[in-house]
Amino acid sequence: MNVGASDMQRQPSFLTSRLNEAIGWARKFSIFQYPFVTACCGMEYMATACSHYDVDRFGAGFPRFSPRQADVLFVVGTISHKMAPVLERIHDQMAEPKWVVAFGVCTCTGGFYDNYATVMGIDTIMPVDVYIPGCPPRPEMVLDGLIKLQQKIQDQHTSGVRPAPEARPKIMEG
Amino acid sequence: MDTTPNPTASAAAGAEINELETRDMLLNIGPAHPAMHGIIRIVAKLDGEEIKDAEVEIGYLHRAFEKMAETVDYNGVIPYTDRLNYVSPLINNMGYCMAVEKLLGISVPERCHYVRVILSEISRITDHLTCVGATAMELGAFTVFLYMIKAREFLWDLVEKVTGARLTVTYCRVGGVKADLPDDFVQPCLEAFKETRKVLAESRQLLERNRIFVDRVEGTGVISADDAIAYGITGPFLRATGADYDVRKDCPYAVYDRLSFEIPVGSRGDNMDRFLVRMEEMEQSMLIVEQALREIPPGPILVDVETGRPIPAAEMVDLAKVGNIAAIQGGCAVACPTLEGSGRDKHLSIATGEKRVVLPPKEDGYGNIEGLMQQFKLVMMGHGIRPPKGEVYFPVEGANGELGFYVVSDGSESAYRVRVRPPCFAIMSALPQMIVGGMMADVVPTFGSVNMIGGELDR
Amino acid sequence: MNPSELIEAIQGRFPDAVTQSHAWRGDATLVLRSEFLVEVARYLKEAPALGMNFLMDLTAVDYSTFGKKPALGFFSSSGVGVRSPAQIPDPDPWPGPPGRSRFAVVYHFFSTAHKHRLRLVVPVEESEASVDSLTDLWPGANWLEREAWDMFGIEFRGHPDLKRILMYEGFEGHPLRKDYPVNKRQPLIGPVN
Chain A
1 MNVGASDMQR QPSFLTSRLN EAIGWARKFS IFQYPFVTAC CGMEYMATAC SHYDVDRFGA
61 GFPRFSPRQA DVLFVVGTIS HKMAPVLERI HDQMAEPKWV VAFGVCTCTG GFYDNYATVM
121 GIDTIMPVDV YIPGCPPRPE MVLDGLIKLQ QKIQDQHTSG VRPAPEARPK IMEG
Chain L
1001 MDTTPNPTAS AAAGAEINEL ETRDMLLNIG PAHPAMHGII RIVAKLDGEE IKDAEVEIGY
1061 LHRAFEKMAE TVDYNGVIPY TDRLNYVSPL INNMGYCMAV EKLLGISVPE RCHYVRVILS
1121 EISRITDHLT CVGATAMELG AFTVFLYMIK AREFLWDLVE KVTGARLTVT YCRVGGVKAD
1181 LPDDFVQPCL EAFKETRKVL AESRQLLERN RIFVDRVEGT GVISADDAIA YGITGPFLRA
1241 TGADYDVRKD CPYAVYDRLS FEIPVGSRGD NMDRFLVRME EMEQSMLIVE QALREIPPGP
1301 ILVDVETGRP IPAAEMVDLA KVGNIAAIQG GCAVACPTLE GSGRDKHLSI ATGEKRVVLP
1361 PKEDGYGNIE GLMQQFKLVM MGHGIRPPKG EVYFPVEGAN GELGFYVVSD GSESAYRVRV
1421 RPPCFAIMSA LPQMIVGGMM ADVVPTFGSV NMIGGELDR
Chain Z
2001 MNPSELIEAI QGRFPDAVTQ SHAWRGDATL VLRSEFLVEV ARYLKEAPAL GMNFLMDLTA
2061 VDYSTFGKKP ALGFFSSSGV GVRSPAQIPD PDPWPGPPGR SRFAVVYHFF STAHKHRLRL
2121 VVPVEESEAS VDSLTDLWPG ANWLEREAWD MFGIEFRGHP DLKRILMYEG FEGHPLRKDY
2181 PVNKRQPLIG PVN
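One line per chain: the protein sequences are A, L and Z, in this order. For the first sequence, the numbering used here gives the first residue as 1, with consecutive numbering after it. For the second sequence, the numbering used here gives the first residue as 1001, with consecutive numbering after it. For the third sequence, the numbering used here gives the first residue as 2001, with consecutive numbering after it.
Calculated directly from the structure, the hints in this document are not laboratory data. Please note that the accuracy of each hint is not assured.
[As the list claims (entries may be wrong)] Straight-line distance between alpha carbons at most 25 Å, and here's what the computed SDA-like set of lysine to any residue pairs gives:
1) K1045(L) with G134(A)
2) K2115(Z) with I1106(L)
3) K1052(L) with P2091(Z)
4) K2045(Z) with D2027(Z)
5) K1161(L) with C135(A)
6) K98(A) with D71(A)
7) K2163(Z) with A1230(L)
8) K1194(L) with G134(A)
9) K1198(L) with H52(A)
10) K2184(Z) with I125(A)
11) K2163(Z) with L1026(L)
12) K2045(Z) with P1252(L)
13) K1355(L) with P2089(Z)
14) K1045(L) with L143(A)
15) K1161(L) with L143(A)
16) K2115(Z) with K1161(L)
17) K1161(L) with R138(A)
18) K1249(L) with N2002(Z)
19) K2069(Z) with A1230(L)
20) K1150(L) with D144(A)
21) K1052(L) with P2160(Z)
22) K2045(Z) with G1242(L)
23) K2115(Z) with Q1284(L)
24) K1355(L) with K2115(Z)
25) K1161(L) with G134(A)
26) K2069(Z) with R1356(L)
27) K2069(Z) with V1072(L)
28) K1045(L) with K2163(Z)
29) K1194(L) with M46(A)
30) K2163(Z) with D1227(L)
[Unchecked claim] To give an idea of the interface, some chain A residues facing chain L are shown, with a C-beta separation under 10 Å as derived from the structure:
31) R68
32) G77
33) R138
All C-beta atoms in this analysis are idealised placements derived from N, C-alpha and C, irrespective of residue type, glycine included.
Could you build all of it, start to finish, from the sequences and the hints given here?
Take a look at the structure:
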């Protein structure tokens, strides 16, 4: 009897689902982040990463400064139109599975810099998984966002489906 | 930049002379690089490890501060100034507010000057801690970075006590500050300084006589005093070369002429001197704050706190609405915690008395018609602070050097032109000169000691 | 030297270069004709009595909408306008923007020896928006002039490498001019909003 791979996926067995959960658990507790730091949020990112608010306890305390070695892209700080192609290239260079965290309100929606130089939210150029608003967000909020990301990673592996990023409303096109 | 091969002869001990052809390599130390603090691009022409030529490209964090300042009113520019030099936001706030006050021709009460000076110096300490910590981390001393960020957290707790926010504070207003120092400020401040001094002593022990650190930092990134002045460099960078120019001493503002402190001046102009100057400046800033806390005048209390009863704010509003002003005449309201320090009793010590510039205390804004009119005239669209037509330039001593604000007003409610003279712009324009001739590895401590803050450089 | 002495020293030496001078709020200011700029700047740097060794700042101002901001009404559809409240009166008023030209290039100088400051204002016409460059006297003027070119479109004759510094190469227009709308975007990638 020819049991193809697709048959196996449609009938998840006890072992494969446990394996997926284990992979999800391992991935969520060993986040290799690429901190793409540009502006003021970088100060709060440093504060979160250092001893007072220690992000290392969540397994995410090891920044890899090469996109080839990282799996979570933390976009920290305002992205200007001059920087946007660089950010897109870094995102493209990362290998799957990868997640993107928009840290700070400038990356979520552009913040109060509604002008000719700023990208109004990085979700116009790449899919974002977790938005952490704040100008700058307090370290507690960053840790909350990180825990949400970990939950998302776990769910993604348990269910086998990557949830689609939220659709951006097309209100200001052109 | 051309990349023609250049023949070098290695005339070592033998009679044979090997002609090696080397070709220069163009290396892009691109904007997404940890040691470039994310937003500088250096295109370097390397011959082996030595840098032959370098070009610096900036502008990756241009957020149009000067254009935004023309679209909002005078007080609305203050949040934008926070994000200029975001490691010492209170100095930027203070510089801008003092420039607009010079334009208006008003001056704030003395206690307000002292409060601004105290918070500026605390901001300066946080800036130097971040700069020295980040430089040490990039050279491998990660522990020093962690210690300095720990000290920075204590200072940020202090700032949060006074202003409500850790980093982007928006504390100064045109004509004063948002709120007075809390009553229990002095003791936590002295304790935070005790912790900071401990951290500085530990860091000094770890770095100052450390073979690796000294080898990397001594003799690299040298610039002479004349070159520095020709490029317009100011601040600790200039003082490390030997020229002693500090805006606080040479063109004093606020109450700096009454406080006694020293300006550390280096001699060689290399990274080691810059490190030592910054470490010493932190100590001097702590001395300034301690002096200011001893000499600060007690604020004028408008309401006698023994007999003036505290009234719940909602009750005060209701009494005022039915016209019962006499009942609230001598009272001060128990208001929400975010308004602590800006009540009627503290108001005269934190803001100038000019009605056309500062908002009234909430008790007056809700309690009597004059306060309501004052609030209306300043807040509603179409009204606001209207300085006379004119232009001013006001320099303050930022953590990187002279931070100047050039404000042009055309008499309307928003500024016509706000120009920031960024101190690290001048230093960055001199960077190619400092790294050419050195090795690739010297770029890291030199660039770290520049203390390039993107918000200020690109604005 | 105090502001009036400074003004006198320069006006005495270059009587036909200076068109206007004042010391509003204590800032010594001179309005110069653009052809005399390099000469005056060299004199400022080299004369021992002045000794301006620092070129602190170099910027420009676009005076095209000076004083023309419309008074905002609450509900503009109702036709009820708001009368602009009077400005805070000034006993010693400012003389006004320099001349009729659109731009003015503003230079700030400082002397560490004498601790005095000076501001030079050079009016620049829109049709012929160029002045001489000061990079020979102060190498720090290099990047400052590039920024003025980028933001305002004022050309500096004699500048070694006049190109954009804060904006990117494909950007059209000069953002800080008053006729450039604040949110007109020209993205390299991504949508326009």
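Going down the list of hints, with the structure as the test:
Proximity of K1045(L) to G134(A) is assessed by CA-CA distance (about 41 Å); at most 25 Å being required, the pair is judged violated. Simply put, K2115(Z) and I1106(L) have alpha-carbon atoms about 24 Å apart, close enough for the 25 Å limit, and the pair holds. Distance restraint check for K1052(L) and P2091(Z): the Cα-Cα separation of roughly 59 Å exceeds the 25 Å cut-off, and the hinted pair is therefore not satisfied. Only pairs whose Cα atoms come within 25 Å are accepted, and K2045(Z) paired with D2027(Z) is accepted, the gap being roughly 18 Å.
For the suggested pair K1161(L) and C135(A), the alpha carbons sit about 18 Å apart, so the restraint of at most 25 Å is met. Restraint check for K98(A) and D71(A): satisfied, since their Cα atoms lie roughly 5 Å apart, inside the 25 Å limit. For the given pair, K2163(Z) sits about 21 Å from A1230(L) by alpha-carbon distance, which is consistent with the 25 Å threshold. Taking the CA atoms of K1194(L) and G134(A), the gap is near 31 Å; set against the 25 Å cutoff, the hint is violated.
For the hint linking K1198(L) to H52(A), the alpha-carbon distance of about 17 Å falls within 25 Å, and the restraint holds. Note on K2184(Z) and I125(A): the hinted pairing holds, with a Cα-Cα distance of about 18 Å set against a maximum of 25 Å. The suggested pairing of K2163(Z) with L1026(L) holds, with an alpha-carbon distance near 21 Å, which does not exceed 25 Å. Distance restraint check for K2045(Z) and P1252(L): the Cα-Cα separation of roughly 24 Å lies within the 25 Å cut-off, and the hinted pair is therefore satisfied.
In summary, the hint linking K1355(L) to P2089(Z) is supported, as the alpha carbons are separated by about 13 Å, within the 25 Å threshold. Annotation: proposed proximity of K1045(L) to L143(A) is violated, straight-line Cα distance about 42 Å (limit 25 Å). About 22 Å separates the Cα atoms of K1161(L) and L143(A), which keeps this hinted pair within 25 Å; it holds. This hinted pair does not check out: K2115(Z) and K1161(L) have alpha carbons roughly 38 Å apart, beyond 25 Å.
Note on K1161(L) and R138(A): the hinted pairing holds, with a Cα-Cα distance of about 15 Å set against a maximum of 25 Å. At roughly 18 Å between alpha-carbon atoms, K1249(L) and N2002(Z) fall within 25 Å of each other, so this suggested pair holds. For the given pair, K2069(Z) sits about 40 Å from A1230(L) by alpha-carbon distance, which is inconsistent with the 25 Å threshold. Between the alpha carbons of K1150(L) and D144(A) the distance comes to roughly 21 Å, so the proposed pair stays at or under 25 Å and holds.
Restraint check for K1052(L) and P2160(Z): the C-alpha separation of about 19 Å stays at or below 25 Å, so the hint holds. With a C-alpha separation of about 20 Å, the suggested pair K2045(Z) and G1242(L) falls inside the 25 Å cut-off, and the hint holds. At most 25 Å may separate the alpha-carbon atoms for a hinted pair to count; K2115(Z) and Q1284(L) meet this at roughly 23 Å. Our distance criterion of 25 Å between C-alpha atoms is broken by K1355(L) and K2115(Z), whose separation comes to about 35 Å.
Our distance criterion of 25 Å between C-alpha atoms is met by K1161(L) and G134(A), whose separation comes to about 19 Å. For the hint linking K2069(Z) to R1356(L), the alpha-carbon distance of about 20 Å falls within 25 Å, and the restraint holds. Under the criterion of a C-alpha separation no larger than 25 Å, the hint pairing K2069(Z) with V1072(L) is consistent with the structure, at around 13 Å. Proposed proximity of K1045(L) and K2163(Z) is supported: the alpha carbons are some 20 Å apart, at most 25 Å.
The straight-line distance between the Cα atoms of K1194(L) and M46(A) is roughly 23 Å, inside the 25 Å bound, and the hint therefore holds. Taken as a hint, the K2163(Z) and D1227(L) pair is honoured in the structure, with Cα atoms around 24 Å apart against an allowance of 25 Å. Hint status for R68(A) relative to chain L: violated, with the closest Cβ pair at about 13 Å, above 10 Å. Annotation: interface hint on G77(A) holds; nearest CB of chain L at approximately 7 Å, less than 10 Å.
A cut of 10 Å between beta carbons decides the hint on R138(A): the least distance to chain L is about 7 Å, and the hint holds.
Hint check: violations occur at hints 1, 3, 8, 14, 16, 19, 24, 31; the rest are consistent with the structure.
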